[in-house]
Amino acid sequence: MTSQDNPMGKIYILPKAIKTVVRDAALQSYGVIGLAPGNVRQSFVKMFDEEGDYGISVASDEHGLEITINLIVEYGLRIKSVTDSVAESVKYHVEKTMGVPVTRVNIHIRGMRISDED
Amino acid sequence: MKQFSTTLPDEAERHKLLKSPLTGEGLILLFEAGLIWLTTNQEYVNALNVFPVPDGDTGTNMVLTMQAGFAEADSKRSKHAGEMAKTFAHGALMGARGNSGVILSQIWRGFSRALDGHATVDQQLLTKALQSARDTAYRGVVRPVEGTILTVLKDMTTAAEGASKTMSTLSDMLVTLVEAADVSVKNTPNLLPQLKDAGVVDSGGMGLFYIFEGMLRMIQGLSLDTATNNVVSLAQLDLSHAMEQVEEGQDYEVVIDFEPNKSFLLEQYYQGLEEIGVSIQVGEGEGIYRMHIHTELEKRYEPIEFTETHGIIKKVYMENLQDQMNHRKESEIKFNPVHPGEIAVVAVSPGQGLSRIFASLGVAAVVEGGQTMNPSVKDLVAAFEDLPTDKVIILPNNKNIILAAQNAAKVSVKQVGIIPTRNTPQGFASMFRLMPDGDFDEVVESMTEAISEVHTAEVTTATRTAEIEGVKVKKGEVIVLYDGKLILSEKSLDGAVEALYDHVDMDEFERVTLFYGEGMNQSAANSLADKTRENYEDLEVEVHDGGQPHYQYIIAFE
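So the protein sequences, as listed, match chains S and R.
Here the first sequence stands for residues 1 to 118, numbered as in the numbering used here.
Here the second sequence stands for residues 1 to 558, numbered as in the numbering used here.
The hints are simulated quantities; they were obtained by calculation from the structure and are not laboratory data.
No residue lacks a Cβ here, since even glycine has one placed at the ideal position from N, Cα and C.
Treat the hints loosely; a few may be bogus.
[Claimed, not checked] In the DSSO-like style, the derived pairs of lysine-lysine whose C-alpha atoms are separated by at most 30 Å in a straight line are:
id, chain 1, residue 1, chain 2, residue 2
1, S, K80, S, K96
2, R, K186, R, K196
3, R, K472, R, K186
4, S, K80, R, K76
5, R, K474, R, K196
6, S, K96, R, K472
7, R, K299, R, K378
8, R, K399, R, K378
9, S, K96, R, K186
10, R, K196, S, K96
11, R, K16, R, K165
12, S, K96, R, K16
13, S, K96, R, K485
14, R, K196, R, K79
15, S, K96, S, K16
16, R, K128, R, K19
17, S, K80, R, K410
18, R, K414, R, K378
19, R, K474, R, K186
20, R, K262, R, K16
21, R, K16, R, K76
22, R, K262, R, K165
23, R, K399, S, K96
24, R, K399, R, K299
[Stated by the list, open to error] What the simulated footprint calls covered on chain R by chain S, stretch by stretch (three residues with Cβ under 8 Å from a Cβ of chain S suffice, anywhere in the stretch; the number is not a length):
id, stretch
25, 97-104
26, 137-150
Let's have the full structure, built from the sequences with the hints guiding it.
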């Protein structure tokens, strides 16, 4: 949980909310086909809830957020460019909407989709 | 012309290569044209970049991707179009940079796949290649956002599909594609709210437009190394150079804005002009050409008659040259000489008058540029490269130029500091802190601090109807930006300035300086200053001829 002070009290941002923003930013990035469960628990989530928060984990410390994303990407793209863009976009959107600094974005490529032969 | 390949074929050879059906040699020439033209307009594309992350690198990324494609294709030249496309696509894929670069590499991948096994390409195959490019590019994203490069590609493909019967030549086809891209790019703000909010079109789409426009320009024999996102202003036509060449018998200067006929050929037009006069310069932008020529007294109407046979004349401007010459000699700008080891300042200035003030404040060189005519990194570097010092400070004086200044700093071996000035008054304020023999870092710091000492209002005419930051603006109204933020819109110029005075806390300031722009007259500015003095007795009011385009007034509050 991430908290910030404001003049009236504290604001708590739950990981679930952050994950929504991360998910949106990642799926809008070019080359990203989908998210993949990062562990057994997330696999269970995916089985019952296609739109659930699988594929993303968020950790926080006093410096900010560390976000880990498990991705499936389109085969045939330059992976480094795709992941750079995802990381940049996720960092930007989370910082902009949540006002919390993002210190790290880890990206794991869990799979590739081959849409065509060549 | 900037050349990427070792030798760009000459005009006749190009003409031969660019005939449909295209061979591999013709195809790589088109790719090169797209790359050169995109490179020329790269900074403009960068400045548009707000989506998905506003980091201003779309143009650069697309150029690097195209360059990687071209480098690979250039190293394995082939007469076989399919092979050429494949090599190009492979190079682009390996060198893809950034989001837009990745998409671009996918476009070429799809494009090349349709050409596989074909030794030559005609319009029908090109249409198929575009369809394949579109399909491949769209497959790379689960949630396509419309109003991006993908939309522009889709619209271009649709146009090609719909016009298959009227595309009898390659040139016709590219005209169709470029027109479709233009319409599509202009529509992107309607599809993507982030663009509308920022008042820009999609940068990736714009980049794609430039690539195809470059191909078309190569076929039409137009220049590829002068950016044309606006009509070239008189200042940019480099009149100072033309003036030096004034000799006897050149009595009149004639400048004509015109819209060329469909069959317009620049070369032919040039040839005709050469028989009429000298110092010929032709600039173009958004379909409008501007011609500049010096003629003898008797021949002063000939350029008009001649141009009428080449297009529709929009505007004619004529001046007695000898008279202008005498006037100019008086007003030549003298820049501060730079001594070795001293700090030299280079300022970007949008107008003659403002340049003169910069010169009087000790600037070593001025680069012309501003809101709609951003100087390139090359222009900036050229301005200070030859100065006899290795310590240089750049005043960009516009937020869209700061990035170019930073890139200029990167490519130069000199120690370059950038004061992030967003307008000319901030530039002036920082010049007061310049100590040419001071410690470099301290001077930069001090000059940067000075920015906050001045507030700036920019008065201009709205070019479109919109609502920005809660202010309703009608096209043609006078709008005022205060420290870069739109604060009000009024029907008249005087009304706008009055409303501005009401908006700012005039008691806070000691001095107001009015810089009036190109096309404004001094007496109007003076009467405005008088009115200001009457209403605010404690204020010191100054008036200067700024000569900047687009802005009727730039007003500094100190």
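So, going through the hints one by one against the coordinates:
no. : hint              : verdict
1   : K80(S) / K96(S)   : 24 Å, holds
2   : K186(R) / K196(R) : 11 Å, holds
3   : K472(R) / K186(R) : 21 Å, holds
4   : K80(S) / K76(R)   : 25 Å, holds
5   : K474(R) / K196(R) : 16 Å, holds
6   : K96(S) / K472(R)  : 26 Å, holds
7   : K299(R) / K378(R) : 38 Å, violated
8   : K399(R) / K378(R) : 18 Å, holds
9   : K96(S) / K186(R)  : 27 Å, holds
10  : K196(R) / K96(S)  : 18 Å, holds
11  : K16(R) / K165(R)  : 23 Å, holds
12  : K96(S) / K16(R)   : 54 Å, violated
13  : K96(S) / K485(R)  : 20 Å, holds
14  : K196(R) / K79(R)  : 45 Å, violated
15  : K96(S) / K16(S)   : 17 Å, holds
16  : K128(R) / K19(R)  : 18 Å, holds
17  : K80(S) / K410(R)  : 24 Å, holds
18  : K414(R) / K378(R) : 14 Å, holds
19  : K474(R) / K186(R) : 19 Å, holds
20  : K262(R) / K16(R)  : 21 Å, holds
21  : K16(R) / K76(R)   : 21 Å, holds
22  : K262(R) / K165(R) : 19 Å, holds
23  : K399(R) / K96(S)  : 21 Å, holds
24  : K399(R) / K299(R) : 45 Å, violated
25  : 97-104            : holds (count 6)
26  : 137-150           : holds (count 6)
Going down the numbered hints, you'll see the structure goes against 7, 12, 14, 24, while the others check out.
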